[in-house]
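J.: Now for the letters of each chain:
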Amino acid sequence: MKIVFLAYRDWALDVYKSVKKNPKITGLVLCTHSKQLRDVDLTAYDLIISIGWSDELGEDVTSQIEAIGVHCAELDRYSYGTPIQLQIIDGITRTKHRIFSFTHDPDSKRAHTHNRLYSHEVDLDLSGNMTDILYQMKATSIVLFNRYIDDFPNINWQEWPEEKVVRHKRVPIDSCLTKDIILKMNTKELYNFFRSLEEPYPNGYIKDEYGKLYIKKVEYRVNED
Amino acid sequence: MKTKTNVIFCGYREWALKIIEQVSDHSNINSIGVIKTIDEYREKESNFSEDTDIILFLGWSWIIPPKVTSKFLCLGVHPSDLPQYRGGSPIQNQIINGLTESKVTLMTLSENKLDAGDIWLKNKLSLKGDNIDKIFNHIIESSVSLLNYFFSQFPNIEPIKQDISKGTYFKRRQPKDSCIFLDDFKKISLVEFYNQVRCLTYPYPNLYLEDKAGNKLYIKEVEFISSQKE
Chain V
1 MKIVFLAYRD WALDVYKSVK KNPKITGLVL CTHSKQLRDV DLTAYDLIIS
51 IGWSDELGED VTSQIEAIGV HCAELDRYSY GTPIQLQIID GITRTKHRIF
101 SFTHDPDSKR AHTHNRLYSH EVDLDLSGNM TDILYQMKAT SIVLFNRYID
151 DFPNINWQEW PEEKVVRHKR VPIDSCLTKD IILKMNTKEL YNFFRSLEEP
201 YPNGYIKDEY GKLYIKKVEY RVNED
Chain B
1 MKTKTNVIFC GYREWALKII EQVSDHSNIN SIGVIKTIDE YREKESNFSE
51 DTDIILFLGW SWIIPPKVTS KFLCLGVHPS DLPQYRGGSP IQNQIINGLT
101 ESKVTLMTLS ENKLDAGDIW LKNKLSLKGD NIDKIFNHII ESSVSLLNYF
151 FSQFPNIEPI KQDISKGTYF KRRQPKDSCI FLDDFKKISL VEFYNQVRCL
201 TYPYPNLYLE DKAGNKLYIK EVEFISSQKE
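Chains as they are written, first to last, in my numbering: chain V, 1 to 225; chain B, 1 to 230.
One chain only, chain V, in its complex shape (with noise of 0.2 Å):
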């Protein structure tokens, strides 16, 4: 089995290096940026693996193979961008991280799953720190890759329900919290808000006329009493 490996980000990278290990695989390349997919003639591989890549497969690229990608939430929900983000926001602690295969919609604004397919999933914990999440979907995506490798080709493709609720993609102002904003929140909602935008991404900040105080680290305790 031949695959073709998309991956820039370090912790991609650690999957690469986990999954290129998966003794089906006879041949492979890993490109870590589109420059140098271009080059790669796609004819000569069985499949396109995507860990954590940004941009969009076109379709010069899906109608000549197969390409599989993870996403860390139940789909069709979240499908738009950001779905860490707003699955933590939303207040969703239990989620699936599932591996959907990638097709081309130029009219389409969600983010990579333009169809509905999905063949592997695994559960995934949404509670705790960034660092804490990151850690744990750097590890389901080693064991999807690995479950999808080891299946292939009597791969089990099964369609997820579509849905009409759009959340669509957060952008940098959503970072900001106002005081007034702030006192319309629990501490809860502070804390699912804050950790969400924990490192590696930029952080939620809280903003008046003096300056914004960026919120880097919280910790949050229930009330025993």
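Be careful, since some hints might not be right.
Claimed, not checked - So the derived list for chain B, only partly shown, Cβ under 7 Å to chain V, looks like this:
| no. | residue |
| --- | --- |
| 1 | D39 |
| 2 | F181 |
| 3 | D184 |
| 4 | K186 |
| 5 | L190 |
| 6 | V191 |
| 7 | L209 |
| 8 | K216 |
| 9 | K220 |
| 10 | V222 |
| 11 | E223 |
| 12 | F224 |
If you are wondering where the hints come from, they were derived from the structure by calculation, not from laboratory data.
Backbone N, C-alpha and C fix where the C-beta goes; we use that ideal spot for every residue, glycine too.
Model the placement of chain B on the given structure of chain V, informed by the hints.
T.: Here is chain B on its own, set in the frame of chain V:
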């Protein structure tokens, strides 16, 4: 003829040990002991060498008994511009009150009142920084400079009496003082909130917001970007 000053250093906090490490090899002194715990101090308290000239306490949390202060010259470094901010939690109390510049003061440990002894020297201290580690670094830098100068002058240097009637005294802060009720958040400015958070970073009890249900959000790390020109 004796040419060097015999000094015993007492300190247990990380920043205090860093100061001791940087001044204990001063060419004018003999470091005849470094005491790093209260148990070690109590064990040695009755047997300090008669040749001891100075016992220097850095960030020490326990009162020194008169039998020691009357027999030896006991000095301490206090991170405030004495007689202002005598007493407990001087760093926190100054920062929470909006001070960004202060002093470290070298004083004689008095027998009666806390931080009320004679003043030998002072040096500038910046209270700026997003966390207490940065403040500790300012204290280390300022104290090392102050002590090196002191040791270069001693014994040809005289202290001046402290007039505590012109100063202020604060009690040591308690963990419950780190609480801001969420409803009270509207009463404080962002800079006041920032000051409370940054002076209560680890190892101090972190500032926390408490809501009506009694749940607590601890703020552990922040960064402030001012929109005002310096």
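J.: Now tell me if each hint is right for this structure.
T.: Verification of the hints:
1. Below 7 Å, beta-carbon pairs count as interface contacts, and D39 of chain B has none with chain V, the closest being about 32 Å; its hint is therefore violated.
2. Given hint, F181 of chain B at the interface with chain V, is violated; its Cβ is 10 Å from that chain's nearest Cβ, farther than 7 Å.
3. With a cut of 7 Å, the hint placing D184 of chain B at the interface with chain V is violated, because the nearest CB-to-CB distance is about 10 Å.
4. A cut of 7 Å between beta carbons decides the hint on K186 of chain B: the least distance to chain V is about 6 Å, and the hint holds.
5. The closest approach between the C-beta of L190 of chain B and any C-beta of chain V is roughly 4 Å, which is under the 7 Å cut-off, so the hint is satisfied.
6. With its C-beta approaching chain V no nearer than about 6 Å, V191 of chain B sits inside the 7 Å limit, and its interface hint holds.
7. For L209 of chain B, the shortest C-beta to C-beta distance to chain V is roughly 6 Å, which falls under 7 Å, so the interface hint holds.
8. Evaluation of the K216 of chain B hint against chain V yields a held restraint, the C-beta minimum of about 5 Å falling below 7 Å.
9. The closest approach between the C-beta of K220 of chain B and any C-beta of chain V is roughly 4 Å, which is under the 7 Å cut-off, so the hint is satisfied.
10. Hint on V222 of chain B holds. Least Cβ distance to chain V is approximately 6 Å, under the 7 Å limit.
11. With its C-beta approaching chain V no nearer than about 4 Å, E223 of chain B sits inside the 7 Å limit, and its interface hint holds.
12. At about 5 Å, the closest approach between the beta carbon of F224 of chain B and any beta carbon in chain V falls short of 7 Å, and the interface hint on this residue holds.
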